[in-house]
Amino acid sequence: MAVLPKKSATAAEALILKLPHPYLTAYEIGNVASQGQPVIYKISLSATHSKGNGIPTPTLLHSDTVSFSDIAFLANDSIPPAGDNSSWARTRRSPFSTISWTGERPSVPQMWLIAYALVSLRPLDENFRILFTGRDTVPLVQELYTTGLFHPHPRGFDSSAPIDGHLLFRSTFWQGAACPFGPRPVWAPQLDSSNQPITAVYPQFPFQTAPTTQFPAVPRHTMHPVREPKPVPGSIIYSRWVPHLNEHFTMVAIDYTNPKHLDLFHNWQNDPRVAAGWNESGTLDHHKQYLKKLHEDPHVLTMFAAFDDKLFAYFEVYWAMEDHMGAHYLASLYDRGRHSLVGDISFRGPYRVSAWWSGLMHYMFLDEPRTMNIVGEPAATSSTVLAYDFVHGFHVEKLIDLPHKRSALMMVSREKFFMLSPFVWDGEKKVRPSLDALAKL
Numbered sequence: 001m002a003v004l005p006k007k008s009a010t011a012a013e014a015l016i017l018k019l020p021h022p023y024l025t026a027y028e029i030g031n032v033a034s035q036g037q038p039v040i041y042k043i044s045l046s047a048t049h050s051k052g053n054g055i056p057t058p059t060l061l062h063s064d065t066v067s068f069s070d071i072a073f074l075a076n077d078s079i080p081p082a083g084d085n086s087s088w089a090r091t092r093r094s095p096f097s098t099i100s101w102t103g104e105r106p107s108v109p110q111m112w113l114i115a116y117a118l119v120s121l122r123p124l125d126e127n128f129r130i131l132f133t134g135r136d137t138v139p140l141v142q143e144l145y146t147t148g149l150f151h152p153h154p155r156g157f158d159s160s161a162p163i164d165g166h167l168l169f170r171s172t173f174w175q176g177a178a179c180p181f182g183p184r185p186v187w188a189p190q191l192d193s194s195n196q197p198i199t200a201v202y203p204q205f206p207f208q209t210a211p212t213t214q215f216p217a218v219p220r221h222t223m224h225p226v227r228e229p230k231p232v233p234g235s236i237i238y239s240r241w242v243p244h245l246n247e248h249f250t251m252v253a254i255d256y257t258n259p260k261h262l263d264l265f266h267n268w269q270n271d272p273r274v275a276a277g278w279n280e281s282g283t284l285d286h287h288k289q290y291l292k293k294l295h296e297d298p299h300v301l302t303m304f305a306a307f308d309d310k311l312f313a314y315f316e317v318y319w320a321m322e323d324h325m326g327a328h329y330l331a332s333l334y335d336r337g338r339h340s341l342v343g344d345i346s347f348r349g350p351y352r353v354s355a356w357w358s359g360l361m362h363y364m365f366l367d368e369p370r371t372m373n374i375v376g377e378p379a380a381t382s383s384t385v386l387a388y389d390f391v392h393g394f395h396v397e398k399l400i401d402l403p404h405k406r407s408a409l410m411m412v413s414r415e416k417f418f419m420l421s422p423f424v425w426d427g428e429k430k431v432r433p434s435l436d437a438l439a440k441l
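In this text, residue positions in the sequence shown follow the UniProt record's numbering: the first is 1, and each later residue adds one.
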């Protein structure tokens with residue numbers, strides 16, 4: 001038997017959930033149960049919180065005929081003993097919810113939205129056991145299994161052990177499983193220069209090797225995979241709603257020919273605080289040539305980051321094999337690294353850093369599903385940067401000596417990052433620990 005879920009919440013506790021760009025549709029996850037009854041959630045459109053500059057979704061994500069129960073747990077007498085850590089036992093100990101519908105079965109996109117609601121309501125839970133109540137559950141389950149969003153309940157050693165329900169993994173959700181708007185994960189769209197979806201769909205970019213010659217600037221040859229063309233300059237390449245900020249975090253591919261982009265980069269690089277770390281102060285023309293060179297370099301992607309369209313930071317994302325990092329460790333074919341600077345100091349602080357640090361890493365894994373590792377090279381003495389890296393799953397692979405500093409070669413795997421799914425902030429200066437270190441900022 002199950003422990004009764006908690007009683008109904010008030011309307012004031014309804015969760016607001018928003019889709020990323022270019023849709024920006026807002027939904028309200030509200031309790032529809034009668035007063036004093038167990039919580040039952042329904043998802044409805046929220047015109048009040050939707051932004052007018054969003055575009056309609058190509059498919060309907062909510063349904064008035066679908067609801068889901070609040071999280072509950074099995075009663076103590078039904079939970080496997082603590083010494084049993086099998087997949088079956090862990091699934092039985094997982095929080096569970098029942099999704100119910102009347103009439104026709106819900107679509108996969110509608111199930112994706114419910115999954116989005118569950119991982120937002122319970123962001124620290126690694127997985128959920130989901131029960132279905134309604135017509136045609138078998139074909140729905142089969143379709144959900146093919147997306148990777150849901151998985152069969154593991155079997156126990158005892159053939160009579162219960163296996164009711166299906167597994168929803170937080171890690172596969174955040175990797176983009178069952179995203180409803182095409183083959184790209186919803187947080188990493190392919191948009192044109194007007195930030196409208198590019199609707200042409202092709203298979204994944206193929207594998208083919210080619211050499212890069214950096215002579216005469218650098219005496220180095222590198223053999224590496226051909227990289228997919230860069231996003232359209234000026235387009236949004238990443239967008240995610242951040243509930244604890246009630247804001248969207250976005251990243252925009254830099255257009256060095258855009259005076260606004262160039263002026264912003266120029267002003268930030270001439271800020272003494274930034275120049276102390278980047279050593280790139282100079283004239284407007286110098287900075288235009290800097291960005292132009294990176295634009296023409298297929299191994300580097302430059303971008304600005306914004307909260308609710310207010311640009312505040314600059315990032316460089318590179319392929320490690322073609323970068324100088326590739327000379328310091330045995331880089332895998334699709335390893336990526338990043339450099340970052342916060343230009344607007346009003347956007348500093350752990351409650352914001354936790355959003356953009358994870359967002360940048362999220363994009364790097366989503367943009368290329370073959371990327372298995374992200375690396376970094378902070379100064380070995382940079383305790384704050386190292387602390388944030390530890391919190392997001394990085395470990396120190398080794399120390400390396402670059403021409404201008406001794407660095408810690410940091411690395412995090414795809415598996416570990418999505419296992420942690422470090423997309424939340426607890427409201428304190430103490431950030432969630434990774435498996436490596438208790439980081440206190």
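There may be inaccurate statements among the hints.
Stated by the list, open to error - What follows is a list of derived Cβ distance ranges for each label pair:
#, residue 1, residue 2, range
1, Tyr202, Ser159, 42 to 52 Å
2, Asn258, Glu397, 35 to 45 Å
3, Pro403, Pro298, 18 to 28 Å
Claimed, not checked - Derived lysine-lysine pairs resembling DSS-like cross-links, with alpha carbons at most 25 Å apart:
#, residue 1, residue 2
4, Lys288, Lys310
5, Lys293, Lys260
6, Lys398, Lys416
Calculated from the structure, these hints are not laboratory results. C-beta atoms are modelled at their ideal positions from N, C-alpha and C, and glycine is treated no differently.
Hints versus structure:
no. : hint                         : in the structure
1   : Tyr202 to Ser159: 42 to 52 Å : holds (46 Å)
2   : Asn258 to Glu397: 35 to 45 Å : holds (37 Å)
3   : Pro403 to Pro298: 18 to 28 Å : holds (24 Å)
4   : Lys288 to Lys310             : holds (22 Å)
5   : Lys293 to Lys260             : holds (18 Å)
6   : Lys398 to Lys416             : holds (18 Å)
The structure fails none of the hints (numbered hints given earlier).
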